[in-house]
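*Asks:* Those protein sequences? They're chains E and Y, same order as listed. Mapping to the numbering used here: the first sequence position 245 is 245, numbers consecutive. Mapping to the numbering used here: the second sequence position 90 is 90, numbers consecutive.
Honestly, the hints are just simulated from the structure, not real lab data. Any given hint might turn out to be false.
Sample of chain Y residues with no beta-carbon within 10 Å of chain E, all distances over it, derived [unchecked claim]:
1. Leu47
2. Phe82
3. Val105
4. Thr112
5. Lys126
6. Leu127
7. Asn157
8. Val171
9. Arg181
10. Arg188
11. Glu229
12. His242
Here are the in silico distance ranges between beta carbons for each label pair [unchecked claim]:
13. E:Gly469 <-> Y:Ala147: 52 to 60 Å
14. E:Phe214 <-> Y:Gln121: 29 to 37 Å
15. E:Phe341 <-> Y:Leu143: 46 to 54 Å
16. Y:Glu48 <-> E:Thr328: 34 to 42 Å
17. Y:Asn46 <-> E:Trp511: 54 to 62 Å
Everything numeric in this text was worked out from a predicted model, so none of it was measured. The beta-carbon is built from N, C-alpha and C at its ideal position, and this holds for glycine as well.
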Amino acid sequence: MSAIDRTARDMPPATPGVKRIAEPRADERPGSNYLNNGYGWKSWLLTKDHKRIGILYLISISLFFALGGIYAGFIRLELLTPQSDLLQPATYNKVFTQHGIIMVFLFLVPSIPATLGNFLIPLMIGAKDLAFPRINLLSWYLLIIGAVFALGAMMYGGVDTGWTFYTPFSSTYSNTYVTATGIGIFVAGFSSILTGLNFIVTIHTMRAPGMTWFRMPLFVWAHYATSLIMILGTPVLAITISLMAFERVTRVGIFDPALGGDPILFQHLFWFYSHPAVYIMLLPGMGIISEIISTFSRKNIFGYKFVAFSSIAIAVFGFLVWGHHMFTTGQSVYAGLVFSFISYAVAVPSAIKVFNWSATLFRGSISYDTPMLYALGFLGLFTLGGMTGVFLAAIGLDVHVHDTYFVVAHFHYIMVGGTLLAYLGGLHYWWPKMFGRMYPEGWGRFSALVVFVGFNLTFFPQFLLGYLGMPRRYAAYPVDIPAFQVLHILSTAGATILGAGLVIPLIYLIWSLIGGPKAAGDPWMATGLEWRTASPPPTENFHETPVVTWNAYEYAPQEDMEVIGKTSPDDKPDRSSYSGA
Amino acid sequence: MATRVEDSTLIPAVHDTHANHRVAHHDPHTEDASGHHPALQHHFDNLEQQRDATTLGMWTFLVTEIMFFGGLFMAYTVYRVFNPEAFEAASRVLEIKYGAINTAVLIASSLTMAMAVYFSQIGNRKLLVAFLGLTMILGTAFLGIKAIEYSHKFAHNTYPGAVPFEVDHHVVEEYEREKGRPFPDINRVQMFYVIYYGMTGIHALHMVIGIIALGFLTFYGYRGAYSPEYNSPVELTGLYWHFVDIVWIFLFPLLYLIGRH
Ligand SMILES: [Cu+2]
Chain E
1 MSAIDRTARD MPPATPGVKR IAEPRADERP GSNYLNNGYG WKSWLLTKDH KRIGILYLIS
61 ISLFFALGGI YAGFIRLELL TPQSDLLQPA TYNKVFTQHG IIMVFLFLVP SIPATLGNFL
121 IPLMIGAKDL AFPRINLLSW YLLIIGAVFA LGAMMYGGVD TGWTFYTPFS STYSNTYVTA
181 TGIGIFVAGF SSILTGLNFI VTIHTMRAPG MTWFRMPLFV WAHYATSLIM ILGTPVLAIT
241 ISLMAFERVT RVGIFDPALG GDPILFQHLF WFYSHPAVYI MLLPGMGIIS EIISTFSRKN
301 IFGYKFVAFS SIAIAVFGFL VWGHHMFTTG QSVYAGLVFS FISYAVAVPS AIKVFNWSAT
361 LFRGSISYDT PMLYALGFLG LFTLGGMTGV FLAAIGLDVH VHDTYFVVAH FHYIMVGGTL
421 LAYLGGLHYW WPKMFGRMYP EGWGRFSALV VFVGFNLTFF PQFLLGYLGM PRRYAAYPVD
481 IPAFQVLHIL STAGATILGA GLVIPLIYLI WSLIGGPKAA GDPWMATGLE WRTASPPPTE
541 NFHETPVVTW NAYEYAPQED MEVIGKTSPD DKPDRSSYSG A
Chain Y
1 MATRVEDSTL IPAVHDTHAN HRVAHHDPHT EDASGHHPAL QHHFDNLEQQ RDATTLGMWT
61 FLVTEIMFFG GLFMAYTVYR VFNPEAFEAA SRVLEIKYGA INTAVLIASS LTMAMAVYFS
121 QIGNRKLLVA FLGLTMILGT AFLGIKAIEY SHKFAHNTYP GAVPFEVDHH VVEEYEREKG
181 RPFPDINRVQ MFYVIYYGMT GIHALHMVIG IIALGFLTFY GYRGAYSPEY NSPVELTGLY
241 WHFVDIVWIF LFPLLYLIGR H
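Throw the hints in and build the complete structure from the sequences for me.
*Replies:* Spelled out as structure tokens, the structure:
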């Protein structure tokens with residue numbers, strides 16, 4: 001690649017009159033892209049194009065998210081007052097269960113991999129599609145079938161076991177639609193397995209010439225690690241749920257101690273999947289953050305290999321810590337000690353990422369566009385969520401706050417403050433690529449701020465509530481501790497703001513499809529391969545298979561940039577301040 | 001580069017033939033071989049890449065299968081450690097002759113499957129079809145024997161959830177005579193049968209899927225779809241078939257042999 005090309009690629013946004021290298025040439029079927037290549041319902045529901053399947057996922061999981069959000073709204077409204085007045089306790093049990101099941105199995109697990117991952121991985125590695133396009137479509141249908149079972153069970157009367165399905169309550173005592181919901185999760189699990197399988201094979205075998213492992217974007221590394229967890233963990237969840245349902249139907253003791261079964265075995269098997277599942281939800285978000293932070297700092301990511309391998313380390317260590325959910329069960333103390341120690345250890349690769357992102361920001365030429373605001377929000381909130389996770393890995397403290405709102409606040413900082421913010425950031429970042437339209441930047445920044453404020457107001461009070469002893473999963477709480485109600489009211493107020501902050505992007509993103517200004521192939525002047533094709537991309541992604549000759553984040557050093565009106569050769573930053581010389 | 005340009009001109013035509021077929025099982029290629037064009041799918045650059053991808057895909061799938069059976073093996077281990085006597089007694093109730101015959105049948109079927117893969121690689125259509133057929137027959141024989149065995153157990157009310165759950169009283173009498181102690185708690189014996197039916201049932205389901213896949217291979221193999229250049233469907237089904245056999249090699253001693261000493 002010549003010096004001129006590099007300059008063009010690395011030119012910052014809003015430089016007028018730049019001839020872009022990767023725009024489709026005029027003779028290459030102008031205007032043909034994956035969106036206008038066929039319009040009938042069949043062209044969508046039977047599509048094998050990973051980009052269209054990504055859009056199908058985007059629409060479905062947005063609906064699931066809205067539904068899960070409505071349930072969350074009911075939880076927050078109920079907790080405004082100490083009495084269980086809006087919802088009866090039995091109803092409340094169903095509401096929080098359904099909130100959890102929808103959010104975990106139908107939103108968070110598929111969220112980033114199935115939408116952005118599906119759409120972007122082939123583009124990022126220069127492939128025409130995922131390795132198995134039909135299996136990709138099948139996995140979307142499996143998610144929908146799973147959702148039909150799970151949501152159908154909810155319509156008929158719901159489940160009240162909590163999303164964790166602890167036995168023997170779920171297998172013997174609960175009088176709700178546990179089996180149907182279990183089938184739904186079982187089927188949706190296979191969607192996740194097939195997605196992971198597809199990604200692994202694609203990343204191994206479909207990379208474009210020159211796209212070596214260490215030239216891949218960190219987004220792809222993160223998805224590779226995620227896929228490992230999907231294929232290794234999810235089958236265990238499937239068999240666990242099957243055994244639970246089997247016990248429920250046949251009334252044979254597998255997990256019910258009254259019949260000779262072992263309820264702790266259920267928890268072991270369940271958390272063997274469900275702790276790593278946290279990383280299924282989080283790792284892809286970390287991949288997004290790596291992309292956004294380097295693009296909007298105009299800098300190569302600091303410690304590329306450390307960030308890449310820390311994803312793999314998280315996937316591996318993540319399988320060895322499940323016992324930290326069981327400190328208060330009959331698990332042996334020695335097992336508890338080991339689990340506690342490894343849980344501390346798993347914080348190390350996460351911290352490596354946070355340090356490397358911070359180092360990437362250092363002396364970067366930072367612009368505060370919407371994706372960057374979300375990424376910075378992630379950085380703060382994930383750090384808080386991760387640190388409280390280290391608290392909870394300490395057995396003594398965990399026994400004290402076990403099953404309280406402290407735990408609820410902790411994992412919402414990870415799942416909402418981490419995954420959801422990353423997902424929104426990524427959605428904004430790649431929105432122009434996906435639909436060829438820009439969203440209104442002002443509204444974008446505004447909503448990112450609203451979400452950040454609303455999120456913190458919702459969940460920070462929950463740390464305090466939990467520390468004061470407010471248990472999770474209760475519809476009522478004591479009147480004579482005034483702090484409880486004050487904090488709950490703050491949390492509900494925050495949830496209202498958060499909800500509003502989420503509706504704003506929904507409106508302007510949909511509006512942008514029609515009214516947004518047309519996006520260039522590379523509106524952010526980023527380096528990834530996905531930006532080297534048109535927005536929206538043609539069905540076959542690239543008109544010619546790209547040949548990769550550059551590393552993932554080759555942004556020119558700031559002093560080499562030909563930025564008109566910003567720097568001149570005379571006022572380059574003083575290099576001595578970098579090295580301390 | 002020249003070949004790539006050629007590929008892209010073929011996209012519309014190839015794409016259409018693909019759209020007319022549905023997959024019967026998870027191997028993405030079987031049906032492609034029917035077209036006049038070689039089985040290369042449009043998103044792959046060449047057959048070699050396609051072969052690499054599908055082979056890795058099958059291995060990855062088998063890894064998920066190991067984890068899937070792994071949950072059951074875990075349950076087996078835990079409950080056998082908790083109830084060693086009940087598990088040994090329950091194991092004696094199983095009819096070893098059926099298990100042993102089935103082990104032999106499956107090992108034989110692995111041999112015929114390996115032969116089928118070999119003949120697909122050297123392009124011998126007749127023997128390929130013959131050995132695929134033989135493998136199907138052996139697989140079906142396995143399922144038939146398994147069905148006889150299940151029906152014997154059901155006749156004695158030896159299945160989880162039976163009211164009341166019982167085992168063949170001859171075995172109970174023999175056990176008590178030989179060991180000089182009462183037959184273990186029937187509920188714990190029942191737990192063995194939860195795992196027995198769970199494992200052998202899921203195994204049998206895998207056999208059924210394998211036999212259906214072999215049926216497709218036989219059909220397309222008969223029509224001459226496989227050649228020394230393109231035979232990965234046969235090879236991948238072979239991998240799957242051997243995997244299912246290996247699972248049985250673990251199940252047989254763990255289920256049938258633990259009580260016989
Ligand atoms: Cu955990």
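*Asks:* Indicate, hint by hint, whether the structure satisfies it.
*Replies:* Checked hints:
1. With a least beta-carbon separation of about 12 Å from chain E, Y:Leu47 lies farther than 10 Å from that chain, consistent with its non-interface assignment.
2. The Cβ of Y:Phe82 sits about 7 Å from the closest Cβ of chain E, inside the 10 Å cut-off, so the non-interface label is violated.
3. Chain E leaves Y:Val105 outside its interface by the beta-carbon criterion, the shortest separation being 26 Å against a cut-off of 10 Å.
4. Distance to chain E confirms Y:Thr112 as a non-interface residue, since its nearest Cβ pair spans about 28 Å, more than 10 Å.
5. The non-interface label for Y:Lys126 is consistent with chain E: the shortest C-beta to C-beta separation is roughly 31 Å, beyond 10 Å.
6. At the 10 Å boundary, the C-beta of Y:Leu127 stays outside the reach of chain E, the nearest C-beta of that chain being 30 Å off.
7. Once the 10 Å rule is applied to beta carbons, Y:Asn157 is consistent with being away from chain E; the minimum gap is 13 Å.
8. Every CB of chain E is more than 10 Å from the CB of Y:Val171 (nearest about 20 Å), matching its label as outside the interface.
9. Chain E leaves Y:Arg181 outside its interface by the beta-carbon criterion, the shortest separation being 19 Å against a cut-off of 10 Å.
10. The Cβ of Y:Arg188 does not lie farther than 10 Å from every Cβ of chain E; its closest approach is about 5 Å, which violates its non-interface assignment.
11. For Y:Glu229, the condition that its CB be more than 10 Å from all CB atoms of chain E holds, with the nearest at approximately 18 Å.
12. Look at Y:His242: its CB is around 19 Å from the nearest CB on chain E, clear of 10 Å, so calling it non-interface holds up.
13. In this structure the supplied range 52 to 60 Å holds for E:Gly469 paired with Y:Ala147, their Cβ-Cβ distance being about 58 Å.
14. Separation of E:Phe214 from Y:Gln121 is about 36 Å and conforms to the stated range, judged on CB atoms against 29 to 37 Å.
15. Look at E:Phe341 against Y:Leu143: about 48 Å separates their beta carbons, and that is inside 46 to 54 Å.
16. Distance hint check: the CB atoms of Y:Glu48 and E:Thr328 are about 55 Å apart, inconsistent with the given range 34 to 42 Å.
17. Checked against the hint of 54 to 62 Å, the pair Y:Asn46 and E:Trp511 fails, with Cβ atoms roughly 45 Å apart.
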